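Enquirer: As a plain string of letters, each chain reads:
4 protein chains.
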Amino acid sequence: MGSVFGSKLKISIFGESHGAAIGVVIDGLPAGETIDLDEVNRQMQRRAPGGDKTATPRKEADAPEILSGMLGDKTTGAPLCAVIRNTNTRSADYGNIMSAPRPAHSDYAAHVRYGGANDVRGGGHFSGRLTANIVFAGAVCRQILKRKGVDIAAHIYSIGNVLDTPFDPTFIPTELIERLNGEKFALVDPSIEEKMREAVGEAHAKGDSIGGVVECAVAGLPAGIGEPMFGGVENVIAAAVFGVPAVKGVEFGSGFAGSALLGSQNNDEFYFDENGAVRTRTNNHGGALGGITSGMPIVFRAAVKPTPSISIEQKTVDLQNGCDTTLSIKGRHDPCIVPRAVPVIESAAAVAVMNLIL
Amino acid sequence: MGSVFGSKLKISIFGESHGAAIGVVIDGLPAGETIDLDEVNRQMQRRAPGGDKTATPRKEADAPEILSGMLGDKTTGAPLCAVIRNTNTRSADYGNIMSAPRPAHSDYAAHVRYGGANDVRGGGHFSGRLTANIVFAGAVCRQILKRKGVDIAAHIYSIGNVLDTPFDPTFIPTELIERLNGEKFALVDPSIEEKMREAVGEAHAKGDSIGGVVECAVAGLPAGIGEPMFGGVENVIAAAVFGVPAVKGVEFGSGFAGSALLGSQNNDEFYFDENGAVRTRTNNHGGALGGITSGMPIVFRAAVKPTPSISIEQKTVDLQNGCDTTLSIKGRHDPCIVPRAVPVIESAAAVAVMNLIL
Amino acid sequence: MGSVFGSKLKISIFGESHGAAIGVVIDGLPAGETIDLDEVNRQMQRRAPGGDKTATPRKEADAPEILSGMLGDKTTGAPLCAVIRNTNTRSADYGNIMSAPRPAHSDYAAHVRYGGANDVRGGGHFSGRLTANIVFAGAVCRQILKRKGVDIAAHIYSIGNVLDTPFDPTFIPTELIERLNGEKFALVDPSIEEKMREAVGEAHAKGDSIGGVVECAVAGLPAGIGEPMFGGVENVIAAAVFGVPAVKGVEFGSGFAGSALLGSQNNDEFYFDENGAVRTRTNNHGGALGGITSGMPIVFRAAVKPTPSISIEQKTVDLQNGCDTTLSIKGRHDPCIVPRAVPVIESAAAVAVMNLIL
Amino acid sequence: MGSVFGSKLKISIFGESHGAAIGVVIDGLPAGETIDLDEVNRQMQRRAPGGDKTATPRKEADAPEILSGMLGDKTTGAPLCAVIRNTNTRSADYGNIMSAPRPAHSDYAAHVRYGGANDVRGGGHFSGRLTANIVFAGAVCRQILKRKGVDIAAHIYSIGNVLDTPFDPTFIPTELIERLNGEKFALVDPSIEEKMREAVGEAHAKGDSIGGVVECAVAGLPAGIGEPMFGGVENVIAAAVFGVPAVKGVEFGSGFAGSALLGSQNNDEFYFDENGAVRTRTNNHGGALGGITSGMPIVFRAAVKPTPSISIEQKTVDLQNGCDTTLSIKGRHDPCIVPRAVPVIESAAAVAVMNLIL
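Taken in sequence, the protein lines are chains A, B, C and D.
One point on numbering: in my numbering, the residue at position 166 of the first sequence is 169, and numbering is uninterrupted.
One point on numbering: in my numbering, the residue at position 237 of the second sequence is 240, and numbering is uninterrupted.
One point on numbering: in my numbering, the residue at position 165 of the third sequence is 168, and numbering is uninterrupted.
One point on numbering: in my numbering, the residue at position 343 of the fourth sequence is 346, and numbering is uninterrupted.
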């Protein structure tokens, strides 16, 4: 029951990497909302592998079919189900992982969890491919949120040790949001792209992979959204974002760096802006105080671990024969998923935010 | 509805800092479990202010009264309710915060959220005092978990820039766990205490506060616990730990640092130990792969922001008069809550883990 | 985890009949709502035993203490906890029920469920006394609902074979609602009271008990509230009302009788009333179509089984000695709980309706 | 968010009568369970229209395609999604219902709920066709339950005033269960079929419809399953069964009839059977005491209202023109859905029971 998220807007994700299809049911969408499916597809293309040399060579249409919940271009209020057929699956590539779990993959943990009955081909239900469903759901939600004045944008904060310019957390300009929302390699400072690609290329050349950090901002939420304690902005967003495979850390505002500061450095002073609105001069709190929005942008970062699949030989165990063995994952090698994680994390945030505001 | 947590074991927290009482209802506890209330009280004393010069001068008995759910020293299976009366409240200290929200506090966000009807005295329902309920619930759960072989221990990973020795994430010795579980200033390396107290004392002397990081380990969980996607170990623990006020980041295993690594550096190789059990040589994954336990200790860190309340004068707004003002919080000044956050975060983890294993 | 109800407004009930106290936490109440606690107490007195010869001789203050969630007479938006101390408990009356489960009571089922660790005194957490918490929560909700134009009233539809006049389901007059809301023996036709009391008295005289049916109406909900399938009006109300001990059936509108009809008899024709509002001429649908309100009153009936505790000797088993035995419950004998069930069922409906409209 | 049911096993239902497809995602199925899809299809055929003169003339393959969650004939532990394509839809039949809501249908309530954006063709998401998803999910669950010794069988308790022989609630023979599970017109006493068909035929001949009651038994559950208050057997089953369109009442054991009895008549005496198991001589409690199973069969009845669609002319309103009008539903006329409701109600019970035992 782990693949259902949300209280007011529920998404239920299904599918396995090499099964017939993947998909998502979105329950609780408002009725009568216009959804531009071309824009949804554009968001899905940002996540789709292919079309970028940092990505896995598997090329997929990733074209969702809407089975329910829409009439023409409008939501009906009934659950919206979208299905994406799996094609171009090459299960043979994964021939030995049933016996030899891939380091840092879910293989071993899932093997124990499901008593060996799980679909291991391509990672099964744990495959990164399942994030296409999150992007679909998020892209639908984002169009509804946009009409309420809420925008979500993320960028590659870092790959390895190469850093983009961080967001100014007190103000996320609309033009920046729009530009980022259209890019496959989303950067605040595009001039850093070459260095980042070099870092990826270096790892790739060695048969290795590399991780990074995605920074995400939610702009336009009014103050007063959220609940104390366990229903807070941070809890709900983190619960969604940790649902993105490879995310191992989530921090809001000044986050871990802020914990090394003094109160006088980290506290954000309030002031009235020119329109009489209460704002803070800095945004170390990342847009949420006591779990509730302050009216400042929500800003968080998600740590994305390096892709586990590498062609460098690694030690692991042979579960069938009970002995040590080695593993080298050839052919299907995605050296850096951080650029593709950008729309996924934006989308997970969008689903979380819908649950906060509905 | 933000103060309820859990699916299989539900805790419902209530209370306001300067109201009649605070408390918690724990629904879903197994029946017939012996609970040593002295040990529960010891855990609550670790969180309680007073008895340590880093803490707030407010001294409270924090003695919970059990209203239901226990017969003698055993759980009955019915909801367990514990209530802690509020005493020693000095509301006058907070006289002006209704009009002038404290920077980095929930005051302003809550004011908007509740249309001004919320209890602002002492932070109301947002007060750190409410974490006593989490410690109570966690202390009860930890005794049940211990009998299942599951131990939870945390330590002060850092205060400001002073760092303790991190856990060896591949092995948390029982003696270390037991020692840490008994301490009010829990450190892997106790020799660092003096330096940490100096950092706190320096901040205190200036009327300032200081943040830090708590590292927490859950040892003894078998492999195969958890769910994919949104029901994973990380999601459930993060959703609980972000319920602790002042926590602004949560990372598992190598976390943010790991995202700067190569796959070959971050991947954890599997091996068979001398007992034929599958283990990993390193534990950069922090005990969960694909959301499911690997059998290695769960290790995570939580960033605790510096206490917002400082006596240094800060700029803020006067909501009643619509003008800028300044604020200096005298008298009640807790320069560093990180030591007291240790048992709270252990307890939030305990409640989360109960939900994973039940 | 069975004693928590609701998604948007959550109530968490605790307590055992002969423990220290019973109580309820209400999470998700709107802030700034005025609550007249005298009116709440009046509702609780309608349920309280004593003051009426049909009721159990146990007399209790049933005076709730508010521990949190209110400032003066207003809700703060934080969880509202009310506690009612147990007094006047005479556990000796129940001396033998640990070994000999009472027929039709939860004793045996709970004994197995909790491995014998549950508190059996007075029925423990399964005691009808726990319904005081439902009345408390419902009385709070009803004041909020009333300000939104929503009224809830129930009456004794029948005791044994003595029937009150049913509601006219198409229109519940305000005066009737107000009268019923103030009565301990609520009847549409008060002239039937004597006959009903005779039926109760006859059962009482024989050491027996008698059941009945409560009919409840929710007036003033606009059309369009609720969700299809499992989130419908009927599902949510039934899930709450079956939480009232002794309720064994729930039917809406024409219910079971309607299932024996033809469509042409049971269908409710639509028409425009003098104000241009869409209404139905009859209300066999009980106010909900497809799970969603039609704008007509919600009308449902709940079957309340005869109180299990009777002083007539009954056969049962001796669990300790593994042999048959007999049981006669002396002293504490409530011959008919139907009158007191009226405010409990109104209250369960109120909590359900709050979850539908929030 | 109304089309998601369950806590431990979650089903998420989607689809609209005349959309592309309907389907269901089942999240939380145990892994490694063999599912005989032919048996699933047999159950679906029991519900499918056609093949029986009491049913709607619409003939559908109702052949579900499994998109995920199975490998060969075994569950993988990942969410199982099944999709059924819609074919043979004749939207023209429903040309005027957008403006003229059908009496007793969801049309008007849904129109208000969704602001007119819902898919009205064939009832949209409210169509009885959606129950195919419940049967699919239930049929999968029933195979898993059967291996745990739990069987579920229902029969047509009544159509109009024609009654089948009720279950003996103390014992449901295996042969009876198996026979009923294979029938499209399931009766304890098959000799009553002719009379029932006559009642249906009479209604049909007049262009009318007729309702009935389905009685359902869950045999083989041990004592001690369930939770007090809101997590009880009755609450969970009722919350699921009220999800079946047309169900307007649910009663357990002696239900409404029992509420007219004396305690001495309705109480079920305990005894030890020949194997030393605790049983009750009668089963007026319907298998649950205090919300928890007693070890006796769970027996409940669901009132199914007469199908709203009739060709007899009915009065209704013209929402577009704001005037009264009349409506006669030609062509698509299902005079009695009670026989087809049998497998749907068995299936809803199965999903509920899975949530109780997991």
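The hints are simulated quantities; they were obtained by calculation from the structure and are not laboratory data.
This one's a predicted model, so the numbers in the text were calculated from it and none came from an experiment.
Errors might be hidden in some of the hints.
Any copy will do: because identical chains look the same in the list, a pair fits if it lies in one copy or spans two.
Only pairs whose alpha carbons sit at most 35 angstroms apart, straight line, appear in this in silico DSBU-like list of lysine-lysine [unchecked claim]: (1) 151 x 77; (2) 318 x 151; (3) 318 x 198; (4) 198 x 11; (5) 77 x 333; (6) 11 x 151; (7) 333 x 11; (8) 209 x 11; (9) 149 x 11; (10) 77 x 209; (11) 318 x 149; (12) 318 x 77; (13) 77 x 11; (14) 149 x 209; (15) 333 x 149.
Enquirer: Broken hints, numbered, in rising order?
Expert: 4, 7, 8, 10, 14 and 15
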